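K.L.:
This is what each chain is made of:
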Amino acid sequence: MNFDFNFKDLDWKPLALVPLLALLALPLVGSGSTWLTLTVAGLAMGMIVFIIASGLTLVFGLMDVLNFGHGVFIALGAFVATSVLGSMTDWTQSAELWRNLVAVFPAMLVAMAVAGALGLAFERFIVRPVYGQHLKQILITMGGMIIGEEIIKVIWGPQQIPLPLPEGMRGAWLWGDAAIERYRVVAVGVGLLVFGVLAYTLNRTKIGLLIRAGVQDREMVESLGYRIRRLFVGVFVVGSALAGLGGVMWGLYQQNVVPQMGAQVNVLIFIVIIIGGLGSTGGALIGALLVGLMANYTGFLLPKLALFSNIALMVAVLLWRPQGVYPVTNR
Amino acid sequence: MSTKPSAHPSANQGVNLLELKGVHTHIGAYHILHGVDLAVPRGQLTMLLGRNGAGKTTTLRTIMGLWQASQGSLHFDGRDISKMHTPHIAGLDIAYVPENMGIFSDLSVKENMLLAARKASRVAQIDEQRLQWIFGLFPAVQKFWNHPAGKLSGGQKQMLAVSRAIVEPRKLLIIDEPSKGLAPVMINNMIDAFAQLKASGVTILLVEQNINFAKRLGDTVAVMDDGRVVHAGSMAELAEDEALQRSLLGLAL
Chain X
1 MNFDFNFKDL DWKPLALVPL LALLALPLVG SGSTWLTLTV AGLAMGMIVF IIASGLTLVF
61 GLMDVLNFGH GVFIALGAFV ATSVLGSMTD WTQSAELWRN LVAVFPAMLV AMAVAGALGL
121 AFERFIVRPV YGQHLKQILI TMGGMIIGEE IIKVIWGPQQ IPLPLPEGMR GAWLWGDAAI
181 ERYRVVAVGV GLLVFGVLAY TLNRTKIGLL IRAGVQDREM VESLGYRIRR LFVGVFVVGS
241 ALAGLGGVMW GLYQQNVVPQ MGAQVNVLIF IVIIIGGLGS TGGALIGALL VGLMANYTGF
301 LLPKLALFSN IALMVAVLLW RPQGVYPVTN R
Chain W
1 MSTKPSAHPS ANQGVNLLEL KGVHTHIGAY HILHGVDLAV PRGQLTMLLG RNGAGKTTTL
61 RTIMGLWQAS QGSLHFDGRD ISKMHTPHIA GLDIAYVPEN MGIFSDLSVK ENMLLAARKA
121 SRVAQIDEQR LQWIFGLFPA VQKFWNHPAG KLSGGQKQML AVSRAIVEPR KLLIIDEPSK
181 GLAPVMINNM IDAFAQLKAS GVTILLVEQN INFAKRLGDT VAVMDDGRVV HAGSMAELAE
241 DEALQRSLLG LAL
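These protein sequence lines map, in sequence, to chains X and W.
With the first letter of the first sequence counted as 1, position 287 gets the number 287 in the numbering used here; the numbers rise by one all the way through.
With the first letter of the second sequence counted as 1, position 140 gets the number 140 in the numbering used here; the numbers rise by one all the way through.
Quick caveat, the hints were computed from the structure, so don't treat them as lab data.
Values in this document were obtained by computation on a predicted structure and should not be read as measured data.
Any given hint could turn out to be false.
Stated by the list, open to error - Restricting the straight-line Cα-Cα distance to at most 30 Å, the calculated cross-link-like pairs of lysine-lysine (DSS-like) are:
id: 1; chain 1: W; residue 1: K110; chain 2: X; residue 2: K206
id: 2; chain 1: W; residue 1: K215; chain 2: X; residue 2: K206
id: 3; chain 1: W; residue 1: K83; chain 2: X; residue 2: K136
Use the sequences and the hints to build the structure in full.
P.N.:
Take a look at the structure:
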């Protein structure tokens with residue numbers, strides 16, 4: 001997707017899907033306050049899923065690499081956060097929000113650094129030998145994720161570890177009858193920040209221009225004299241670091257972490273990038289918000305159908321636009 | 001006529017800027033090039049002619065490293081480029097316009113130009129004089145500056161592709177069928193552009209189907225058939241000899 005648009009060229013229909021889904025759910029949910037709570041929860045979840053999915057969609061778009069091991073960066077980020085936050089209980093248990101943020105911020109940074117470093121090794125030793133071979137990519141990246149999960153178990157143990165929210169982020173703001181959990185607002189804020197930085201980088205810098213061009217036609221970018229492999233390694237590392245950040249956010253959202261959490265979130269992420277159009281960051285945002293809202297509405301209305309509902313959503317979107325809401329041209 | 005581009009300083013290593021000797025290229029199981037010998041003299045415009053499927057595009061792609069030669073040697077400016085990767089080859093100051101033009105259709109015309117200008121990280125850093133010269137040659141590039149390149153017509157895309165190739169000075173321009181899809185008036189602008197570039201010392205290698213285009217511009221010519229260069233010489237010689245044209249180029253032209 002091109003953010004450097006003039007509005008005449010903007011394809012607004014996919015953007016309208018998000019409010020449309022929310023409005024459709026309103027009569028089904030019935031109560032306005034419940035609906036508002038669910039909608040905020042859905043947007044928060046969507047933003048976290050977007051943070052995780054943004055790197056994956058660029059990795060696929062740029063180098064045609066299917067990384068089924070993306071989930072391992074999520075789990076690693078979350079587990080690193082348990083260690084960092086666990087050593088800063090004075091700060092997390094303080095009721096002052098700024099002290100909580102001082103604790104959470106380094107936890108996020110360390111999680112991103114560790115996930116990014118693993119991403120560098122993952123690209124070098126697991127992904128690079130299988131460029132251009134989709135079946136092998138699927139098998140070996142899944143294998144990489146399994147190994148990563150086992151390493152996490154060796155370091156942190158196989159059991160679920162609590163990741164309690166810092167004091168100041170707990171609880172909810174009441175607005176009429178609707179309860180809006182504070183952390184969800186924080187999650188939306190962080191998600192918007194990540195989206196803002198990504199959108200700026202992609203649309204206002206030469207590196208971003210190279211990434212957008214590479215997603216469309218990598219051969220031509222190379223013919224213009226740019227080393228796209230180097231760019232790809234950078235995108236892979238940043239994507240892994242963002243997955244690590246998303247893992248911290250997801251862990252705090254669930255308030256606990258398990259080594260298998262990466263594999264659990266993986267399914268959602270793939271649904272998101274397929275809905276968005278492989279390689280499209282803007283599409284991934286819309287896909288993530290739709291998936292987040294859908295999961296929360298059906299979780300309330302028909303809990304047994306929660307995962308199925310997202311697959312149904314994907315099918316419906318693909319029937320409308322078979323290559324996702326924002327298909328990347330030239331592919 | 002507007003500002004001419006600055007001449008590119010080139011080392012004086014031999015008469016030929018680009019030289020292919022006995023180049024074979026395989027694509028999967030197919031043996032496409034069967035020992036291509038091609039010399040592109042410095043400062044001249046070389047036309048690569050031949051019917052469809054003769055191996056012209058494959059030759060250009062092999063030069064750019066997009067396909068690896070399985071045998072033979074490729075030298076550019078005295079350097080062996082046969083094992084180099086595409087970005088390095090392009091980095092030796094070679095601009096390449098592929099057959100499909102390689103336009104990034106989701107990006108604006110401006111962004112397409114910025115990508116081709118390797119030294120510029122912002123549009124403002126592109127050499128303004130050169131840009132004005134390009135706008136003079138191809139007004140559509142200026143007219144649709146902020147529009148998505150995907151919305152341009154085929155001819156406009158071709159003009160953008162050539163504009164991209166000349167936005168910064170390069171030693172060698174390699175262009176696959178520049179006249180394809182162009183209106184006659186635009187073909188004249190294109191010929192004008194190449195003539196100006198050549199006058200400034202740029203070496204040019206063109207694949208062309210349009211014999212009139214080739215006659216008006218070419219200094220030297222190489223004719224390909226069946227994965228080999230079957231005739232090489234001066235364009236003037238070929239242009240005068242209709243019998244030779246018929247025997248070499250057949251009905252394809």
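K.L.:
Hint by hint, note whether the structure agrees.
P.N.:
Against the structure, the hints come out as follows:
This hinted pair checks out: K110 of chain W and K206 of chain X have alpha carbons roughly 12 Å apart, not beyond 30 Å. With a C-alpha separation of about 40 Å, the suggested pair K215 of chain W and K206 of chain X falls outside the 30 Å cut-off, and the hint is violated. The straight-line distance between the Cα atoms of K83 of chain W and K136 of chain X is roughly 27 Å, inside the 30 Å bound, and the hint therefore holds.
Going down the numbered hints, you'll see the structure goes against just number 2.
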